[in-house]
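Read top to bottom, the protein sequences are chains V and C.
Numbering follows my numbering, with no gaps: position 176 of the first sequence is 176.
Numbering follows my numbering, with no gaps: position 416 of the second sequence is 416.
Accuracy of the hints is not assured; some may be wrong.
No farther apart than 27 angstroms at their CA atoms in a straight line, the calculated lysine-lysine pairs in the DSSO-like style are these [to be verified]:
{"#": "1", "chain 1": "V", "residue 1": "Lys-163", "chain 2": "C", "residue 2": "Lys-164"}
{"#": "2", "chain 1": "C", "residue 1": "Lys-264", "chain 2": "V", "residue 2": "Lys-187"}
{"#": "3", "chain 1": "V", "residue 1": "Lys-187", "chain 2": "C", "residue 2": "Lys-50"}
{"#": "4", "chain 1": "V", "residue 1": "Lys-124", "chain 2": "C", "residue 2": "Lys-365"}
{"#": "5", "chain 1": "C", "residue 1": "Lys-362", "chain 2": "V", "residue 2": "Lys-187"}
{"#": "6", "chain 1": "V", "residue 1": "Lys-124", "chain 2": "V", "residue 2": "Lys-143"}
{"#": "7", "chain 1": "V", "residue 1": "Lys-163", "chain 2": "C", "residue 2": "Lys-3"}
{"#": "8", "chain 1": "C", "residue 1": "Lys-17", "chain 2": "V", "residue 2": "Lys-148"}
{"#": "9", "chain 1": "C", "residue 1": "Lys-164", "chain 2": "C", "residue 2": "Lys-50"}
{"#": "10", "chain 1": "V", "residue 1": "Lys-123", "chain 2": "V", "residue 2": "Lys-97"}
{"#": "11", "chain 1": "V", "residue 1": "Lys-124", "chain 2": "C", "residue 2": "Lys-238"}
{"#": "12", "chain 1": "V", "residue 1": "Lys-124", "chain 2": "V", "residue 2": "Lys-97"}
{"#": "13", "chain 1": "C", "residue 1": "Lys-17", "chain 2": "V", "residue 2": "Lys-163"}
{"#": "14", "chain 1": "C", "residue 1": "Lys-359", "chain 2": "C", "residue 2": "Lys-392"}
{"#": "15", "chain 1": "V", "residue 1": "Lys-187", "chain 2": "V", "residue 2": "Lys-97"}
{"#": "16", "chain 1": "C", "residue 1": "Lys-383", "chain 2": "C", "residue 2": "Lys-362"}
{"#": "17", "chain 1": "V", "residue 1": "Lys-123", "chain 2": "V", "residue 2": "Lys-65"}
{"#": "18", "chain 1": "C", "residue 1": "Lys-277", "chain 2": "C", "residue 2": "Lys-8"}
{"#": "19", "chain 1": "C", "residue 1": "Lys-464", "chain 2": "C", "residue 2": "Lys-328"}
{"#": "20", "chain 1": "C", "residue 1": "Lys-251", "chain 2": "C", "residue 2": "Lys-264"}
{"#": "21", "chain 1": "V", "residue 1": "Lys-123", "chain 2": "C", "residue 2": "Lys-164"}
{"#": "22", "chain 1": "C", "residue 1": "Lys-383", "chain 2": "C", "residue 2": "Lys-365"}
{"#": "23", "chain 1": "V", "residue 1": "Lys-187", "chain 2": "V", "residue 2": "Lys-148"}
{"#": "24", "chain 1": "V", "residue 1": "Lys-187", "chain 2": "C", "residue 2": "Lys-328"}
{"#": "25", "chain 1": "C", "residue 1": "Lys-332", "chain 2": "C", "residue 2": "Lys-392"}
{"#": "26", "chain 1": "C", "residue 1": "Lys-365", "chain 2": "V", "residue 2": "Lys-163"}
{"#": "27", "chain 1": "V", "residue 1": "Lys-187", "chain 2": "C", "residue 2": "Lys-365"}
{"#": "28", "chain 1": "C", "residue 1": "Lys-17", "chain 2": "V", "residue 2": "Lys-123"}
{"#": "29", "chain 1": "V", "residue 1": "Lys-65", "chain 2": "V", "residue 2": "Lys-187"}
{"#": "30", "chain 1": "C", "residue 1": "Lys-328", "chain 2": "C", "residue 2": "Lys-362"}
{"#": "31", "chain 1": "C", "residue 1": "Lys-337", "chain 2": "C", "residue 2": "Lys-326"}
{"#": "32", "chain 1": "C", "residue 1": "Lys-326", "chain 2": "V", "residue 2": "Lys-187"}
{"#": "33", "chain 1": "V", "residue 1": "Lys-163", "chain 2": "C", "residue 2": "Lys-337"}
{"#": "34", "chain 1": "V", "residue 1": "Lys-155", "chain 2": "V", "residue 2": "Lys-187"}
Hints in this document: simulated from the structure, not taken from any laboratory.
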Amino acid sequence: MSLAPIQQISGRAVPVEGDDIDTDRIIPARYMRCVTFDGLGEFLFRDIRQTPEGNSTNHPIDQPKFEGATILVSGMNFGCGSSREHAPQAIVRAGFKAVIAGNYAEIFFGNSTTLGLPCVAAKKEDLQALTQLIQSEPSTMVKIDLEKLLVTAGKLSFPVTMKASAQQGLLTGRYDAIADLLANLPKVQSMASLAPGAAAL
Amino acid sequence: MGKTLFHKVWDRHAVGKLPDGSTQLFIGTHLIHEVTSPQAFGMLRDLGLKVAFPKRTFATVDHIVPTDQRVEPFQDTLADAMIKELRKNCSDFGVTFFDIPSGKQGIVHIVGPEQGITQPGTTIACGDSHTSTHGAFGAVAFGIGTSQVRDVLATQTMALSPLKVRKIEVRGTLGPGVYAKDIILHIIRTLGVNGGTGYAYEYAGPTIEGLSIEERMTICNMSIEGGARVGYVNPDEKTFAYLKGRPYCPKGKEWDAAVVEWRKVASDPDAVYDDVKIFEASEIRPTVTWGINPGQGIFIDEAIPSPEQLPEADRSSAKEALEFMKFKAGQKLAGQKIQVAFFGSCTNARVSDFVEASKFLKGRKVAQGIRAIAVPGSQGVSKICAEMGIDKIFREAGFDWREAGCSMCLGMNPDQLVGDEICASSSNRNFKGRQGSPTGRTLLMSPVMVAAAAVTGEVSDARKVFAQN
Ligand code: SF4
């Protein structure tokens with residue numbers, strides 16, 4: 001499985017403000033009632049985009065000025081909570097190509113990387129400046145350089161961080177580990193007879 | 001220099017380094033359920049792969065399965081489709097499935113230990129963040145996403161980077177009416193909901209050693225709520241006594257040999273930790289959450305803090321929480337009316353939880369107008385409770401006694417809050433919308449505190465309500 005390397009992402013960005021945006025908010029469990037991930041994009045942030053009666057709350061994602069944005073900008077501890085891959089799947093399927101936030105819950109970060117959705121971490125003040133900029137000038141092109149770990153947008157330019165293995169994986173097109181894992185199957189086979197664990201009766 | 005359990009287990013299961021610098025880790029035991037596995041089997045089929053070690057994967061249904069009527073086809077067509085899909089996947093790929101008729105179905109984190117599948121010194125993975133529960137046995141257990149479920153199915157391995165280890169030592173004696181749930185809610189509140197990012201939590205010290213295995217499961221279960229992907233307790237005599245004779249545990253000479261190995265896996269007395277935090281058990285009191293993350297908790301006799309009293313990083317979330325919960329800073333939770341009491345989930349729906357609460361519920365009644373539901377964590381729990389007459393005590397008190405499943409912990413099936421109802425819940429997450437209604441409000445607490453809230457109709461100090469027992 002060879003995947004295209006991801007070295008840079010550029011596009012317009014939309015702010016989803018707040019800290020601790022958990023996976024239940026990204027995709028409420030009620031919308032995980034599916035056996036495939038198809039169509040999940042539609043339910044991204046469902047409960048904060050619509051009132052219980054189904055009326056729009058005019059969430060940034062639904063505002064015309066942010067239409068077509070491909071970069072999601074949020075706060076601290078983004079993606080905390082459950083391990084559901086439905087969360088990054090919904091983000092990807094809603095058309096997003098990258099996330100810029102303060103930091104990420106571990107499982108969410110890993111799930112996103114495997115899907116080729118880079119999640120870079122920025123300092124709080126840089127996030128605030130970026131949010132302000134895209135609020136006032138939604139047409140600003142935001143560029144994430146994964147090699148240099150640098151975000152540029154209009155006059156703004158700030159460093160971001162990312163776990164080295166994830167960065168390496170994205171830059172070389174090996175962010176989905178399956179091919180590398182399969183390559184070692186013979187070694188795994190020889191370990192398996194020794195490794196502890198219950199076996200089916 | 002000694003090693004921690006985490007490092008011993010990690011080293012033993014490391015297959016090698018991958019090109020991106022991460023480690024390929026062998027997974028001893030893989031657990032799956034109906035919601036996060038169908039897409040993984042789909043990916044497997046797309047890639048033309050099979051399950052590499054089908055005997056190391058075990059399946060059950062818990063998240064969406066109805067807890068009221070269990071006759072198939074289920075009224076909920078999607079729940080019905082999901083169980084059928086899992087049945088087909090398990091039969092196509094040769095995976096053991098604890099299906100409803102097996103009598104062994106239940107929440108995956110309750111079934112694993114109950115069947116003796118969860119064993120010390122092994123690595124466990126499951127497409128569910130509360131997989132950390134299995135750490136109570138001295139296993140290293142990871143919650144994983146669906147692509148990793150695919151990886152484990154196809155190769156019995158996954159790519160991971162090692163974690164740091166933080167020892168969380170709890171000393172001293174717990175006061176009466178204070179439970180494992182209060183310990184972990186207190187730890188999360190103190191260290192923060194993302195304080196554990198990058199760490200495995202090793203729970204240790206005399207208080208933890210004094211807890212039963214089921215109580216240790218409650219603690220390990222909520223590690224992820226503190227940001228730690230893995231949480232564990234070193235195995236000891238209690239662990240072995242709990243496992244002995246369970247269906248999937250070794251027998252006879254093999255059992256003896258296994259115990260010898262399991263003893264060795266515990267952290268060495270001179271193990272080096274990346275961090276150590278110490279808690280005094282006597283300082284912990286019954287804890288209830290007032291907000292929208294599990295770190296927003298207070299002791300029952302405390303008042304809800306004002307955002308200004310909190311560290312700067314917690315303020316915006318506290319403001320948001322007060323607004324969502326319709327609570328005021330300075331308000332006490334004791335006396336707060338509730339509408340729903342939920343007794344269930346992989347945090348607290350084991351036999352000992354029901355036994356403990358039944359002591360207090362016996363002869364009492366759920367307050368008028370309160371919807372109270374009790375959902376055993378597994379068919380096994382249900383059966384033992386029936387044999388002990390515990391279900392009867394709950395029913396006579398006015399609880400709706402259900403079939404095993406996740407139920408209102410996440411509201412994927414019809415067990416949901418309505419509107420902005422307030423629920424006293426023994427579960428682990430109080431996120432906005434968690435219990436099925438976008439405006440529903442969840443207060444996390446111990447099972448006995450849920451029982452106290454159910455009989456008084458308001459958040460109450462169980463130590464006072466049940467003083468005469
Ligand atoms: S009981 Fe709740 S937390 Fe536990 S596995 Fe089920 S949904 Fe997840």
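Taking the hints in turn, this is what the structure says about them:
1. V:Lys-163 to C:Lys-164: holds (14 angstroms)
2. C:Lys-264 to V:Lys-187: holds (25 angstroms)
3. V:Lys-187 to C:Lys-50: Judged against 27 angstroms, a Cα distance of about 17 angstroms means the pair holds.
4. V:Lys-124 to C:Lys-365: violated (51 angstroms)
5. C:Lys-362 to V:Lys-187: Given pair Lys-362 (chain C), Lys-187 (chain V) is violated - Cα atoms ~57 angstroms apart, limit 27 angstroms.
6. V:Lys-124 to V:Lys-143: Measuring from Cα to Cα gives roughly 18 angstroms; hence the hint holds.
7. V:Lys-163 to C:Lys-3: holds (25 angstroms)
8. C:Lys-17 to V:Lys-148: holds (25 angstroms)
9. C:Lys-164 to C:Lys-50: violated (34 angstroms)
10. V:Lys-123 to V:Lys-97: holds (20 angstroms)
11. V:Lys-124 to C:Lys-238: Violated: Lys-124 (chain V) and Lys-238 (chain C) sit about 46 angstroms apart, past 27 angstroms.
12. V:Lys-124 to V:Lys-97: holds (21 angstroms)
13. C:Lys-17 to V:Lys-163: Status holds; Cα separation ~16 angstroms.
14. C:Lys-359 to C:Lys-392: Judged against 27 angstroms, a Cα distance of about 12 angstroms means the pair holds.
15. V:Lys-187 to V:Lys-97: violated (35 angstroms)
16. C:Lys-383 to C:Lys-362: Answer holds: Lys-383 (chain C) to Lys-362 (chain C) is near 19 angstroms, not above 27 angstroms.
17. V:Lys-123 to V:Lys-65: holds (26 angstroms)
18. C:Lys-277 to C:Lys-8: Judged against 27 angstroms, a Cα distance of about 21 angstroms means the pair holds.
19. C:Lys-464 to C:Lys-328: With a Cα-Cα distance of about 24 angstroms, the restraint between Lys-464 (chain C) and Lys-328 (chain C) holds, given a limit of 27 angstroms.
20. C:Lys-251 to C:Lys-264: holds (19 angstroms)
21. V:Lys-123 to C:Lys-164: OK: Lys-123 (chain V) and Lys-164 (chain C) at ~23 angstroms, within 27 angstroms.
22. C:Lys-383 to C:Lys-365: holds (23 angstroms)
23. V:Lys-187 to V:Lys-148: Cα-Cα ~36 angstroms, so violated.
24. V:Lys-187 to C:Lys-328: violated (59 angstroms)
25. C:Lys-332 to C:Lys-392: violated (34 angstroms)
26. C:Lys-365 to V:Lys-163: violated (54 angstroms)
27. V:Lys-187 to C:Lys-365: violated (60 angstroms)
28. C:Lys-17 to V:Lys-123: Status violated; Cα separation ~31 angstroms.
29. V:Lys-65 to V:Lys-187: violated (53 angstroms)
30. C:Lys-328 to C:Lys-362: The given pair, whose Cα atoms are some 35 angstroms apart, is violated under the 27 angstroms limit.
31. C:Lys-337 to C:Lys-326: holds (12 angstroms)
32. C:Lys-326 to V:Lys-187: The given pair, whose Cα atoms are some 57 angstroms apart, is violated under the 27 angstroms limit.
33. V:Lys-163 to C:Lys-337: violated (46 angstroms)
34. V:Lys-155 to V:Lys-187: Violated - the C-alpha atoms of Lys-187 (chain V) and Lys-155 (chain V) are around 52 angstroms apart, more than 27 angstroms.
In the structure shown, a violation is registered for the earlier hints numbered 4, 5, 9, 11, 15, 23, 24, 25, 26, 27, 28, 29, 30, 32, 33 and 34, in ascending order.
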